[in-house]
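S.K.: Sequence:
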Amino acid sequence: MEWLKEILKGLENPQELEKKIAEGIGKNFVARGDFNALNNTKKSLETQLLQLQEGLHKEGDFKQRLEELEHKIALEKEEALKKEEEAAQEVYLKNRFNQVIGENQWRDELTEKAVFAEFKTAVTMEVNKGKEDKEIFEELTKDKNYFLNPNRPLEMMGMGRVSMTSVEENKMRALMGLSLKN
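In case it helps, the working numbering puts the sequence shown at residues 1344 to 1525.
Hint data in this document are derived by calculation from the structure and do not stem from the laboratory.
C-beta: ideal position from N, C-alpha, C; glycine also.
Some hints here could point you the wrong way.
[Claimed, not checked] Derived DEER-like restraints, expressed as beta-carbon distance ranges:
(1) E1482 x E1429: 22 to 32 Å
(2) E1413 x K1385: 36 to 46 Å
(3) A1417 x N1438: 30 to 40 Å
(4) E1469 x E1422: 44 to 54 Å
Work the whole structure out from these sequences, hints included.
M.R.: Here it is in structure tokens:
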């Protein structure tokens, strides 16, 4: 403060002026510890502000993802309901199909599945509206070898292990001049 006294020597009331200047300087003076504490508080508040802003951004993303998930769940529910309806329709048509078949036995499972697929399609066609299931089924199976033949020729007893087809094949081979099969 000595430098200040030299500057103020020529002025009136230099002591009073020095006192006011010293008070003014001390008035705005902040201790280094207080300054560091305030500076740290300021930095932590800025960090919290950034985190809150990021949180708002993430919250917006979260809301968007939530809406997407809700939409996806709604679509999956619709799809599940649709599948349930299709399954119920399938069971209904399978029952109708089984009633029409009666006591007939299919030649094989693949044939049954193919005829059932044709039956499902035929039932929904405009051409077949008003027709009974039996009529539609008969149109699909007419003159086709889809069922096991209940009147199959029996193998003749007493011929050993030779089947009728082997006997007939050997007759043909004999006519052609070929050796016989055992």
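S.K.: Could you tell me whether the CB distance from A1417 to N1438 stays inside 30 to 40 Å?
M.R.: 32 Å, holds
S.K.: Taking 44 to 54 Å as the stated bounds, is the beta-carbon spacing between E1469 and E1422 within them?
M.R.: 28 Å, violated
S.K.: Verify the CB-CB distance for E1413 and K1385 against the hinted window 36 to 46 Å.
M.R.: Given about 42 Å between the Cβ atoms, the range holds.
S.K.: Look at the Cβ atoms of E1482 and E1429 and judge whether their distance stays inside 22 to 32 Å.
M.R.: 25 Å, holds
Violation of the numbered hints given earlier is confined to hint 4; every other hint is satisfied by the structure.
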